[in-house]
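Undergrad: If you want the building blocks of each chain, they are given just below.
2 protein chains.
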Amino acid sequence: MNRITSLFDIQYPIIQGGMIWCSGWELASAVSNAGGLGLIGGGSMDPDTFRHHIRKAKEATQRPFGVNLPLIYPHIQDMVNVVIEEEVKIVFTSAGSPKKYTSFFKEHGIKVAHVIANVKFALKCEEAEVDAIVAEGFEAGGHNGFEETTTMTLIPLVRRAVKSPLIAAGGIGSGGAMLAAMALGAEGVQIGSRFAASEESSAHHSFKQKIIDSKDGDTKLTLRKVIPVRLIKNDFFYKVEDLESKGATAEDLKNLLGRGRARKGMFEGDTVKGELEIGQVSALIDEIKPTRAIVNEIMEEFESVKKNLQDIHFLKKDRG
Amino acid sequence: MNRITSLFDIQYPIIQGGMIWCSGWELASAVSNAGGLGLIGGGSMDPDTFRHHIRKAKEATQRPFGVNLPLIYPHIQDMVNVVIEEEVKIVFTSAGSPKKYTSFFKEHGIKVAHVIANVKFALKCEEAEVDAIVAEGFEAGGHNGFEETTTMTLIPLVRRAVKSPLIAAGGIGSGGAMLAAMALGAEGVQIGSRFAASEESSAHHSFKQKIIDSKDGDTKLTLRKVIPVRLIKNDFFYKVEDLESKGATAEDLKNLLGRGRARKGMFEGDTVKGELEIGQVSALIDEIKPTRAIVNEIMEEFESVKKNLQDIHFLKKDRG
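Sequence order for the protein chains is V and F.
Okay, so the first sequence: first residue is 1 according to my numbering, each after it adds one.
Okay, so the second sequence: first residue is 1001 according to my numbering, each after it adds one.
In case anyone wonders, no lab produced these hints; they're calculated from the structure.
In this text the structure is predicted, and so the values were computed from the model without any measurement.
Note that the Cβ used here is the ideal one computed from N, Cα and C, for glycine as well.
Treat the hints with caution; some may be incorrect.
[As the list claims (entries may be wrong)] Within a straight-line C-alpha distance of at most 27 angstroms, the following computed DSS-like cross-link-like pairs (lysine-lysine) qualify:
1. V:163 - F:1307
2. F:1163 - F:1106
3. V:225 - F:1163
4. F:1220 - V:233
5. F:1215 - V:163
6. V:58 - V:106
7. V:220 - F:1220
8. F:1215 - V:99
9. F:1106 - V:246
10. V:124 - F:1233
11. V:254 - F:1225
[Claimed, not checked] Listed next, the stretches of chain V that the computed footprint assigns to chain F, with coverage defined by at least 3 CB atoms under 8 angstroms from CB atoms of chain F:
12. 10-18
13. 168-179
14. 182-190
All chains should be modelled from the sequences, with the hints used to inform the complete structure.
TA: This is how it looks when you write it as C-alpha cells:
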C-alpha cells in the first residue's frame, strides 16, 4: 500500500498509459482486472467511440479504471461531457494546462492526475490541486517535453518540488525499472510501450511486431522545434525529419504528409508510411504477452530485485 | 562488496568520472580517499601535465585511483606511454574502440574499463575482454551517443547483453539514483557532474556556480549530426546550434568558433563564450561541497532509500 494504490483503490501502483490506437476497453479492463489501473486512451476516439469504450470497460471489470484526455483534443468539451455522463471516476489529463479542467472534474467527484515533463508544470499541477502527477521522461513514446529531461533526472526534480503523489513514466516496462522509479522518489509507474505490445492492446499486429523487433536506437525524438514526438525510425519518420530540417511547421507537415498517419501506422498496420509512437523501452520488449502475465511478471521482478538489493552492503571500514 | 568494489579494491562502487578541466589529482585523490575510485581526466592534459597529475595523486592517496583516456586524443600513444611509465593500475577508456588498447593495458597488469552508449559497443567491450563496462545514458554531460538512449533504458539493455561488471553513468548524483541504477542492473555508478561542483574540482568557480544555478532544461544535447555533446545553454551553445542548423561540420565549427572553448568556459570561467559540458543532473545540484561530504551523503541516502523501499509491500489479495 502507498498513496497511489490508496488514491485509486488498486493493488499495484501500475498505471497503464492511455495511448492512442492501443488502449481501448479491452486493454484498460485487463490491466484493472490484473490489479493495476487501466486507462482508456481518449485521444484517438471520437466522443461516441469513447462512450462505447467506457461502457464496455464497465461491463468487463468491477475494479477501478480511468480515461486519458489530451487537452489539445479538438472537441475536448464533448469528451468531458461523456466523462461526466458516463460517471467515469478517474481522469488523466495531458498536453495542456492542469488548471483547465481539474477543479471542474473534482467538483464531480472525479480523481484527476495530470501528465507533465518539467518542474514548472509540476508546480502548476500542485496549484491546480490535482490528485496525482505523472512525470514523463524523454525516453517515453509519443509526445514529449521540450526540455528532454530523462526519467532518471526528472523524477527526483519533481519529487523535490512538489508534495503530491508522484507517478513516473518513460522507460519503465519491468519490475526493476519500477523499483528504480521508486528509488528516485516516485510512488507509482505509468507504463505504455509494454502494454502496447500486449495481447489485449488494440494496436495492429504489425505494429506490435515492430515494437518487439525494435533495438536500441530504433526510436528517436523528432519534431523537436514544433511538438516533440518519439517515433520508430521508419519511412514516415525520415520524411518528417527531412521536412522539419527544411523548416516545416506542424500545419505544413499535416498538409504535406496527410492526416491520420498515426491511425495508419498503429491501428491499420502500415509500418512504413504510418506514424509509430513508442518509447525507447521497446528495445527491451521481445514478446507479445497477455496483460495479466505482464503485470504479474513486473510485480515478481519488483519483489525479487528489491530482495537482491537488500543483500548488498558497502560497510564502512578503516583502511588507514 | 560486489564485483566493482572487488575489481578496483574500493569501499564504495562510486567512480568519479574523468572529466576534462575538472578532474585533476586533487579531485581524483579526494574521491579515492573518501572510499570511491577517483579518475584523473587525461582528455584536457598534455602528456607532461598528465604525468604531473599522476605523480601528485600517488602522493595524495594510498588508495587505488585511475585515469580516463579518450581514445580520440590526438597524441594518444604519448598518453599511453605515460600510463605505463608511471605504473598507473586502472585505466578508463572512452570515445573509441575498446579493442584498440585493452589487451595492451592488460598485458601490463592494468585494469581496463571502457565507456559505451549502446549495446553494439557493449558487445565489443566483452569481446575485447575489458574488466568493466561503463554504460552512459543520454542525460550525461559532455560527449554522448548517437542513439540518445537514456540511463533508464540503456542499463537493462546492456545488462541483458553482457556478463561483464557494469557501471551506470548519466543522471546519477545521489544515493537514490545510485540505488535506481543498481535496480536496473548496474553494479556501480560513475558520477561526473556532482563532483565537477566539488571543492576539489579544478573547474573554475564561475563554472561551478553555473552548475549550481542550472535548472531543468538548462542543458541540451547539441551537434547531434557531428558529435553529440551536452552543454549548458549559453551564448556559445546557441552559436553552435545556429551553425549546425546551417550544416556546419566539426572542422567548420572549430574554425568558426575558435579552439579551446572548453578550456575557456570550464577552466578559465568564461561562462558566456566558453563551452560548458555538464549533465542534466546539474539541475539537482545546489551547493559546492567537499568531496568527502558528497561521497558520504550519497552512501547515507543509498542506505536510507534502500531501507524505505524495503518497507513497501503490495500484497496480493483476492478482491473477487
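Undergrad: Among the hints numbered above, which are violated by the structure, and what are their numbers in rising order?
TA: Hints 3 and 9 are the ones this structure does not satisfy, whereas the remaining hints hold.
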